[in-house]
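Q: Residue numbers (full-length UniProt numbering), protein chains in the order written: chain R, 1 to 217; chain X, 1 to 545.
Please note that the accuracy of each hint is not assured.
Label-pair ranges, simulated between beta-carbon atoms [to be verified]:
#1 R:Glu51 with X:Gly218: 17 to 23 Å
#2 X:Met78 with R:Thr169: 46 to 52 Å
#3 X:Asp71 with R:Glu80: 18 to 24 Å
#4 R:Ile19 with X:Glu199: 41 to 47 Å
Stretch-level coverage of chain R by chain X, calculated; a stretch enters the list once three of its residues show a Cβ under 8 Å from a Cβ in chain X [what the hints assert, rightly or not]:
#5 56-69
#6 73-82
#7 116-125
#8 185-198
These are computed hints drawn from the structure, not numbers from a lab. Idealized CB from N, CA, C, for every residue including glycine.
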Amino acid sequence: MECVVQGIIETQHVEALEILLQGLCGVHRERLRIHELCLKSGPNLGVAASEVRLLCDLEQPEPTWTVRHIGGAMRGAGAEQIPVLVRTLNESKVSKNALRFFYSLGYKLDHELLRVGFAFHFQKGAQITVTVSSVNKMLKLHATDEAVPVTPGIQLVEVTAPASSENYTEVVVAVSSFCEYLAPLLHLSKPGVSTGVVPTAAAAAASLMSDGGGTTL
Amino acid sequence: MAAVDGAATGVQDQQQQPPARAVERLNTAVQQQLNLESVRTRANSLYKAISRILEEFDAISRANAVPKWQDVVSQFSMVNLELFNIVEDIKNVSKSFVVHPRNVNAENATILPVMLSSKLLPEMEIDDNTKREQLLQSMQNMPVSAQIEKLKARIDMIGAACESAEKMIADTRKAYFGTRQGPTILPTIDKVQAAKIQEQENLLRSAVNHGEGLRISGDQRQITSTLPVHLVDVFAANDGPQNYSDASGMYLKNTPPLSSTSNNSQGNVLQASGAQLLGRSAASPSGATVNTSFDNTTASPLQYANSPRSSANMMNTPSPQQQSLQQLQQQQLQRQKMTPQHQQLLAQQQFRQSSMNMGQSQLAQLHDMQGQGQQKFQQVISHQHMQFSQPLAAQQLQARQLASGAMHMNQNQMTQGNQLSRQLNQFSSPANNAMFNSAQTTPSQTISNVSAMMSSQPLFTRTQFGMSGGNRNLPSQNLSDQMFNMGAANSGGMMPIHQQQQHNSQGAFGNMQQSGQNLQPNMVQMQNTAQNHPNFQQSRPQNQQ
């Protein structure tokens, strides 16, 4: 299971966000370059169509592959009160043959995208990961070198934290309290709920980027 | 100020007439200025608000919950504002009410009388007198009331000047602070921009979460450009993005573990034999580079670059192969010293490495072709041969390829293999004799199941390649040593091979194709033979997507 929230930020404020995150998280950023292939099962496989994502981390010296299955989100009145999305998630590292394996099982490539950006991994009540990335699409199949951003002026911010059914409430609290620190720059919400940009973002970004002022009267 | 004066006089009045009034009332001016009753009420309500907030904090802290900072901040600002307003109002009349008690102690006992005395210092007194005379001199002629009025007028003027000065100072201060801290009101985004941003946001969110806008139509799904590095070895020549055969999938999956283990074992064996032949350690290229080359699967030629086309056409575009081979070459160069045979060895190694990967895919094709679920068709393509010392003859490599490709792990084939090897010997060119011989020794050690199914004409064709040039890139060493026996049959012993198990022939065939593709210098030759060869033609459609 994982808790996840998403938000958007204008590309011009990404640097300020990085400074803020650097200060909040206390760790250095890690570059992120992930080629994500989304495979959907064929028509006659199983009762319902299923979707599997293959992630290839291109930032490592050797590309490492991960397979991820995103399950359904928690539902109910209680879930609606929680400001983050709690959903089941299964992830595993796989070899590079995973793609061929899924093809041979009958999965077809539904879409693919390339995320380029940076990420922070830190511990603050829970193991939280914040990724700020520009989502790129490939005009030609698998042409990751020629990827163009889906929305050039806006980047995606994602805050995720793994959770289990026993401790997800604490993880939710940790994630939501962390998100409040980012309030001056962006609003985070459940995936699918749009937030818009924050009006104070420009001022907050300016103050983050400045050297702090300190001029005397 | 007038109010303060009024208040002062009001107080004095009160003091002068304390006995006259039982109840003290405030000066009306003061009362106009500040309704004390209301101040009291406001102070009381403020006090209640603060105590309520404190109680809330208490409850939160007891429950160990995280306070909602937005609420807290807003409440604080409310309280702050109210307090500020009250203080502002009181400030106007605070002079009449505020008493600051100062106790007499040793420190100020001596100076206190001096401070309290209202008599001016002599200098100050003189100063005061002169100024007073100066002021009243002009008005001495007028009656007292006129003088008083004039003085009042002057006082008012001075008061007005002071007020305007204060106002200017306050404005400047506000402006200064305002620009420093940013606008005090929340900036709003204009609607047009907000709408644009909203639209972009929806695009982005739907793309990330649901893949909207990222799907390519079917006809655009052909891979037309070079594959990125991380996908090069994932796809094989005959794989399309959409379809895949089961056998190939399984086959490939099994490849890595086998290869890794086989590499080591083979390498040791080969190195020993290689050293004998060349007098130079084959360990370096085979041990180090071969392993790395194997691991670095990206070195394999980009078969995929031409996937829709047949294997024959792939030979027409050697550039990706060359690039990868060049990389391999560089790696090897770093580790080896150039020797006269280096060129050949390098070529062989490159070929070996590249063909290794190709072998895998080719073998997959073979499965398809055969239509048999030969799942045992293990990847013996294993890099047992990767480690093979470079001196191996191309023929031997071909044989190996075929052998591994068709390897069904049938020990029955051993005898056949031996026959083939004998036949191969007949065909080995002098240049390759040494390697061939060395290779021959190895099989005994390594061959467990030689699939006899070697082949047929494809084998033959392949062998021809090996023979034709010294510089030949060795066919993928994927093929186990065992196979080299089989491969030998090609040149001369096509027939006998052909008569052997048919199903293996196709395996060999696939290998042949691979080696053909990998043989850069012999591209042309391969092409010709491949195209002409009936078996090749069989497999060709397999390669086409």
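Q: Which numbered hints turn out to be false for this structure?
A: Hints 2, 4, 6, 7 are the ones this structure does not satisfy, whereas the remaining hints hold.
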